[in-house]
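K.L.:
One-letter residues, chain by chain:
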Amino acid sequence: MNVGQQIINGLVLGHSFALVAIGWTVLLGVARLVNFAHGQMYMLGAFVTWAAIAEFGLPYALAIPFTMLVGIAVGFLMQRVMLQLTLKQDLVSIMIVTLGFGHVLHGVAALVFGSTGQILDTPFSTRNVYWNDLWFTWQDVAIVVVTILVFVALKLVLDRTRLGRLARMVAEDPQLALLAGIDVRKVYFGVFAFQGAAVALAGAMIGPRTPILTSMGFDEVIMTFVVVVLGGIGSVWGSYIAGISLGLFTAFFGALVSPAYTTPAAFLVLIAVLVLRPGGLAAKPGGGH
Amino acid sequence: MNIGLQVAMLAVLAVAGYFLPALFGGSGAVYSAFVLIAIFAVMSYGLDLIVSDLGEVSLAHPVFFAAGAYATGIISVRLGLGPIATLVASIGVAMLLAGVVGLITLRLREFVFSLVTYAVSVVALTLAENWAFLGGSDGLTGIPLFKLDLGVASYRAVTDKDLWPVAYVMLLGVLWIVRAFRRSRLGKAAMTVHLNPRLATMSGIDPQRTRLMVFLVSAPITAAAGWLYAYQRAYISADVLSPYFLILMLTAVVIVGRGLLFAPLIGVALILAQEKFMSFGGYVDRIILGTALILTLSFLPGGLYEAVRALIARLGPAGAKQDTQIEEGATECR
Chain A
1 MNVGQQIING
11 LVLGHSFALV
21 AIGWTVLLGV
31 ARLVNFAHGQ
41 MYMLGAFVTW
51 AAIAEFGLPY
61 ALAIPFTMLV
71 GIAVGFLMQR
81 VMLQLTLKQD
91 LVSIMIVTLG
101 FGHVLHGVAA
111 LVFGSTGQIL
121 DTPFSTRNVY
131 WNDLWFTWQD
141 VAIVVVTILV
151 FVALKLVLDR
161 TRLGRLARMV
171 AEDPQLALLA
181 GIDVRKVYFG
191 VFAFQGAAVA
201 LAGAMIGPRT
211 PILTSMGFDE
221 VIMTFVVVVL
231 GGIGSVWGSY
241 IAGISLGLFT
251 AFFGALVSPA
261 YTTPAAFLVL
271 IAVLVLRPGG
281 LAAKPGGGH
Chain B
1 MNIGLQVAML
11 AVLAVAGYFL
21 PALFGGSGAV
31 YSAFVLIAIF
41 AVMSYGLDLI
51 VSDLGEVSLA
61 HPVFFAAGAY
71 ATGIISVRLG
81 LGPIATLVAS
91 IGVAMLLAGV
101 VGLITLRLRE
111 FVFSLVTYAV
121 SVVALTLAEN
131 WAFLGGSDGL
141 TGIPLFKLDL
151 GVASYRAVTD
161 KDLWPVAYVM
171 LLGVLWIVRA
181 FRRSRLGKAA
191 MTVHLNPRLA
201 TMSGIDPQRT
211 RLMVFLVSAP
221 ITAAAGWLYA
231 YQRAYISADV
241 LSPYFLILML
251 TAVVIVGRGL
261 LFAPLIGVAL
271 ILAQEKFMSF
281 GGYVDRIILG
291 TALILTLSFL
301 PGGLYEAVRA
311 LIARLGPAGA
321 KQDTQIEEGA
331 TECR
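Just so you know, the sequences run in chain order A and B. FYI, full-length UniProt numbering numbers position 23 of the first sequence as 23, with every residue one higher than the one before it. FYI, full-length UniProt numbering numbers position 100 of the second sequence as 100, with every residue one higher than the one before it.
Check before you lean on any hint, since a few could be wrong.
Not the full set, but computed from the structure, chain B residues with beta-carbon under 10 Å of chain A [what the hints assert, rightly or not]:
| no. | residue |
| --- | --- |
| 1 | V116 |
| 2 | T126 |
| 3 | N130 |
| 4 | L134 |
| 5 | T201 |
| 6 | M202 |
| 7 | V284 |
| 8 | A292 |
Calculated directly from the structure, the hints in this document are not laboratory data. All C-beta atoms in this analysis are idealised placements derived from N, C-alpha and C, irrespective of residue type, glycine included.
Work out the full structure: start from the sequences and follow the hints.
P.N.:
The structure is reproduced here in structure tokens:
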């Protein structure tokens with residue numbers, strides 16, 4: 001095994017996991033909501049980017065913002081439909097509704113884009129870098145750079161701006177935020193729009209690494225759960241570190257044991273974490289405010 | 001209504017239900033649809049106990065369905081045993097899995113519980129696709145015909161018409177179990193844990209034990225559906241773990257109304273009627289099913305049952321009074 005190569009694979013994979021998960025982290029941290037359609041929104045991001053490039057002939061640099069706009073629209077639509085449930089904090093119904101959205105998105109994507117796989121080629125993904133016996137593509141570099149930029153920007157916005165303060169206040173105590181005259185609905189819409197944009201960006205960036213399929217959303221979302229739970233629910237830096245750790249774990253597990261069983265292995269890590277510190281994770285968000 | 005009359009009515013309903021496929025023309029397609037409705041309804045009743053009674057969303061139920069189907073496939077193909085042995089094995093495997101999943105998730109609530117049970121489904125799908133013991137990506141083929149040998153008499157099901165009595169008896173049995181569960185001490189304990197955890201603790205109910213017990217009752221019901229599904233299809237692959245079954249179960253449980261005895265059965269019947277007789281192709285059907293699920297939960301919290309009741313009340317003599325109530329409901333939706 002080439003250890004250096006696996007470290008590179010792990011780091012790229014880790015940044016991918018973190019980028020896919022960031023929308024969820026914010027959604028869970030600020031709005032205390034879960035979105036099971038996240039994986040399908042990622043799939044949609046990859047396919048919209050593909051269509052923008054291959055069908056409409058847009059350059060990659062324009063396809064990305066276009067995809068993010070579609071992501072925002074989907075997030076906005078979802079939140080619009082679920083508004084009453086969100087305000088009531090009816091978590092059980094919200095979870096089932098987002099599963100329904102995932103199912104619909106899969107159906108729509110299969111109808112529009114066909115059920116065969118596609119290859120999403122970008123100017124970066126076709127250019128390789130060879131360095132001694134190590135290999136990666138410029139797309140991999142772009143993923144790492146974009147992920148770091150998104151995380152830094154998000155951290156700055158949450159910590160330093162009025163918008164961030166509002167979001168943290170709603171996260172801390174929605175009732176109190178409402179009393180303080182904050183329009184909680186707007187914050188919820190904003191959070192859903194961010195989640196849609198972020199996961200669409202992830203689809204546009206990470207989609208080129210593998211062939212894309214309309215059915216890929218169902219298991220794609222598992223790694224996001226692991227990152228979010230491992231990183232501490234709602235924690236931005238926690239998600240970043242958890243993403244990198246999971247990426248390295250997955251790369252080495254795939255190389256040393258079996259690439260087919262990386263999802264079960266990641267799941268075992270999740271279970272181990274939940275068994276080791278069950279109370280802190282289960283009690284904090286959702287129910288108790 | 002007194003108990004005796006209720007039981008008599010249920011008995012009449014049960015006998016009448018058996019002749020429904022014949023009433024709808026009795027063609028092969030009709031019998032197939034009815035057998036599938038019975039199987040998927042039984043599958044959904046397992047989940048119904050978790051969602052309606054325990055108030056949690058288990059996304060691991062496709063695993064119990066698959067456990068029944070795979071146990072049946074493996075035992076009938078590789079060991080050549082009959083339906084009774086495969087049913088016992090299906091129930092046993094499902095209870096074992098439910099015990100493991102139940103213990104892992106014992107202290108998890110709400111969305112963390114759902115996340116972990118969802119992950120269980122995805123992991124099971126990965127295993128089913130890759131593990132040679134389960135047939136890998138090819139699945140298990142050549143599951144023998146359903147043939148019940150009771151010494152003096154034997155019953156052999158060649159077509160779905162022959163399978164209908166089996167499916168129907170299973171459905172009646174499960175309806176009886178669900179009804180009995182809701183009247184049992186465990187069923188009442190589950191409801192108390194769901195609606196008022198504090199009261200439950202004060203009444204000496206152990207919430208964790210209750211959850212585990214309900215899981216152990218619920219999983220074999222869903223697995224029994226997988227058992228008959230294996231015979232009906234004569235072939236089992238990782239498809240049984242696809243998200244379709246999960247969405248089907250969830251929609252069936254919520255669309256008519258949570259906690260009503262016949263709701264999942266009617267829900268499954270509505271969904272299958274659309275898919276079998278008014279289909280617009282797989283992808284559009286998928287969109288229809290997902291949309292039905294979304295709209296029900298977002299705009300009809302009481303399900304179709306409440307909506308129809310409101311509509312009837314509106315059309316009835318007391319219409320004027322009900323109007324305002326519906327208007328209010330509509331405003332809420334906007």
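K.L.:
Looking back at the hints listed earlier, which ones does the structure fail to meet?
P.N.:
4, 5, 6
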